[in-house]
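Undergrad: Read off the chains here:
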Amino acid sequence: MSEAIDYKVIGTRPIRPDGVDKVTGRAQFGADLNLPNMLYGRVLRSPHAHARLTRVDVSKALEMEGVYAAISRADFPENPSDLGKNIMARDKVLYHGHAVAAVAAKSLICAEAALALIETSYEVLSPVLSLDEAMADDATLLDDECFTKNLPETPDKPSNIAAVMTLSRGDVEEGFEQADVIVEGDYNIPMAHQGYIEPHACIANINESGQGSVWTCTQGHFEFRALTAKVLGMNVADLKFIASEIGGGFGGKTTIYLEPLAVLLSQQARRPVKMMMTREEVFRASGPAAGTHCKIKVGARNDGTITAAKAWLAYEAGAFAGAPMGPGAMAVFAPYDLENFHVEAFDVLVNKPKVAAYRAPGAPQSMHAMESALDELARKLDMDPLDLRMKNAASEGTQAPYGPKFPAIGLKECLEAAKVHPNYTSPVPEGAGRGVAVGFWFNVGMQSSAEVHINENGTVTIIEGNPDIGGSRASMCLMAAETLGVPYEQIRAVVGDTESTGFSNVTGGSRTTFATGMAVIQACEDIIGQCKSRAAATWGVDEDQVEWEDGQAIPSPGVNADVKPLTLADIAGNAAKTGGPLLGRASLNAQGAGASFSVNMTDLKVDRETGKVDVLSFTAIQDAGTAIHPAYVEGQMQGGAAQGLGWALNEEYIYDKDGVLENAGFLDYRIPVASDLPMIDTQIIEVPNPRHPYGVRGVGETPIVAPLAAAANAIRDATGVRINDLPLSPPNILAQLDNA
Amino acid sequence: MKVVFPDHLLQHTGGEREVELLAVNFRELLLALDERWPGIEEVLAKCAVAIDGQIYQDAFLEPLHNDSEIFFMQRIEGG
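First to last, the protein sequences are chains F and D.
The opening position of the first sequence corresponds to residue 1 in the numbering used here, with each subsequent residue numbered one higher.
The opening position of the second sequence corresponds to residue 1 in the numbering used here, with each subsequent residue numbered one higher.
Don't read these hints as lab results, they were simulated from the structure.
Nothing false has been slipped in among the hints.
Okay, derived cross-link-like pairs now, BS3-like style, lysine-lysine, Cα gap no bigger than 27 Å in a straight line:
hint : chain 1 : residue 1 : chain 2 : residue 2
1    : F       : K419      : F       : K380
2    : F       : K297      : F       : K419
3    : F       : K405      : D       : K46
4    : D       : K46       : F       : K149
5    : D       : K46       : F       : K230
6    : D       : K46       : F       : K157
7    : D       : K2        : F       : K405
8    : F       : K412      : F       : K380
9    : F       : K605      : F       : K380
A few chain D residues that don't get close to chain F, going by computed Cβ distances all over 10 Å:
hint : residue
10   : E16
11   : V19
12   : A23
13   : L30
14   : A32
15   : D34
16   : W37
17   : A45
18   : P63
19   : N66
20   : D67
Estimated spans, in silico, between C-beta atoms of each pair:
hint : chain 1 : residue 1 : chain 2 : residue 2 : range
21   : F       : P158      : D       : V24       : 39 to 49 Å
22   : D       : N25       : F       : S675      : 56 to 66 Å
23   : F       : G573      : D       : L21       : 55 to 65 Å
24   : D       : V24       : F       : P155      : 31 to 41 Å
25   : D       : V24       : F       : R670      : 52 to 62 Å
Where a beta carbon is used, it is the ideal one built from N, C-alpha and C, also for glycine.
So here's chain D without its partners, still in its complex pose:
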């Protein structure tokens, strides 16, 4: 699956904007990312994430597929 980081997270990924990884759900993905970039899980936990076009504020249990597209983004709230 393709995982894409916005500009403001690149400081945590050593400048890498996009990575390919395998994970069966979002929790596993976070663990895999944290193994690659220790400490990033804490940062990503404060982000929203779009999985295949759907935005999740908390995607902890969401299943992922091999061809999923995952974009981390700033959380949205509103008035």
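Just chain F, same shape as in the assembly:
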């Protein structure tokens, strides 16, 4: 438990340890490793969005000179999981770009040529490309064995609706009866991609007996190892996974695509195999965020008190079940203290790639709908939109819509900060509009391990099992420095492979600084205990007569010992005489992650002739608990804002009638570039999480949640027209303004 005061190191902004190597090109990313005798793997992908795969024959490709391995469904274990079927199509292809075979050859050109020799036959089926189409009673089915889960009674026929979920409290209809004002809205958001700069890439080097290593860009090499072993029916102990540096993931690199293919090809070829997705493959065949259709109804009294709220949320899962409808449903009303609500959510199969996590998965879509509806409610009530939210805001003790009572949370503090922020109190620029919205994410703990080695000169090496995506090496060093009482500059953190440190779950869910940080703190406390024991032995006193203060062992007050304090360097230098090297370690399943809330506001200007939107200002305010390294926290907030604005304004998967993605490249899939955005203002609120030693909450997910509605609300303010469907791209804006 911490009150976030008087830290010596936490809250400072040291230079990032990975910075020089990254800006000078020395950092080794997924595609940067090369091995002797290495081959190149390529994937043959389906040209159809929905078809029965009646034949795959790789034999002619295998006969080609320079080709060393070729695989298809026949090379994988029987009875595959959905993950296995996504890695390599079996009886059906379920999206354009679905993998149907792969080869390894001496060069990329040779591998590409070999793909052309693979013989395939398809029986083409109608693609199911929209939620409405997929949920219709007479819909074409993707999976004849998909029966809707969580219904009161087991359904007697299959459906594209893989699962439903409901949440409710009170009497919604009675709540609407009590309302003076009711607003309703119907909101659509298309699939969008995380847009990480580094495509998926890996190298597998497997020997004849099926043992070997995989170098890969991943958010979690332990889980990649487990998933790969499961898909291939291998023993995890036979595989070593090494995480490269990673050029972004945002949830999209929490699952595997290439790794099992590279392992099988390498095993067959008995050579290392490198595989890299092109950008086009990343768009077509990795996991974007779910497209959604959300309906919201909110009722309130004239004083702004919400009396009832209702949400209907449909999420595109892509080809296999597993859309983030659960977190979306639990998040939609989370910021508010509601007596009466009902949420119904659907996980729906469509002939598009299987969705993956994308920062706060499910929440940006559902909360865009709710926060847009609240904006309309504020207008009807003639009430300040921040006041409306404050009137209904959740705080400590509020029963969250998903069940438990909130512990200490910082939503009201964020709203208060927004209300007095200069970007809110200043007049809206002429011709522009201003929008506000609230964001939320649960955050998680999960399993982490860490080791702390004290080198012979007293410097410190941390080995952790989480790839560093958002600055975790720096935050681990800061927490270790604070705990041990030594300068930050004396500490280095490295990411160990799966054979050199203990299991850790993925770097995701805003968990790493919280959970792996806890492990590092505990490992440092282990070191402190050992140092006190060594000092006691050196001084000839009892262990409980030694204290640890400012990085050195000192006698406890009142202990009559004429001794000099022993620094970490003193104890490490003498370690051979007192019991050997100092090694601290901790493994845990972290509990008590603290929810994080945000308030965003933006001023936008719309060109009514072209539909182009200019972002004049954007302000992100968020409760971080305690900001271990504030510059990284601000970076997370700015990055989330940029991605959220991209999703709001331009990003979308555009399919033709046959289910072919038409904009599989950054030229046509328009993410924001630096010139599209203003400097994003940030304000960190610190309401410490009582369940973390230094008060940490996760910060990485929440920043992407509010920008979607903040932008939509600003455009409503600027134009007088509510545009419910994203993206708010020039063609959409022009069409809506013309229709108004």
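Assemble chain D onto chain F, guided by the hints.
TA: The following block gives chain D in isolation, referenced to the frame of chain F:
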């Protein structure tokens, strides 16, 4: 202690949303629930649980008190 189930688990509890039970830790609670509704332990093992406001992905060893409030919920992961 009060144990509350979300809508999607009601099919496993015969529609009962809330029960009062006694258990000294979460493991005992799961056993007691499984005795009442055979098979539910397997379903609940895939859920997260909030105990007195704190969310646990795996609460197996957590101690419980007579006045504890326990809410089962869907697991959260993230990106």
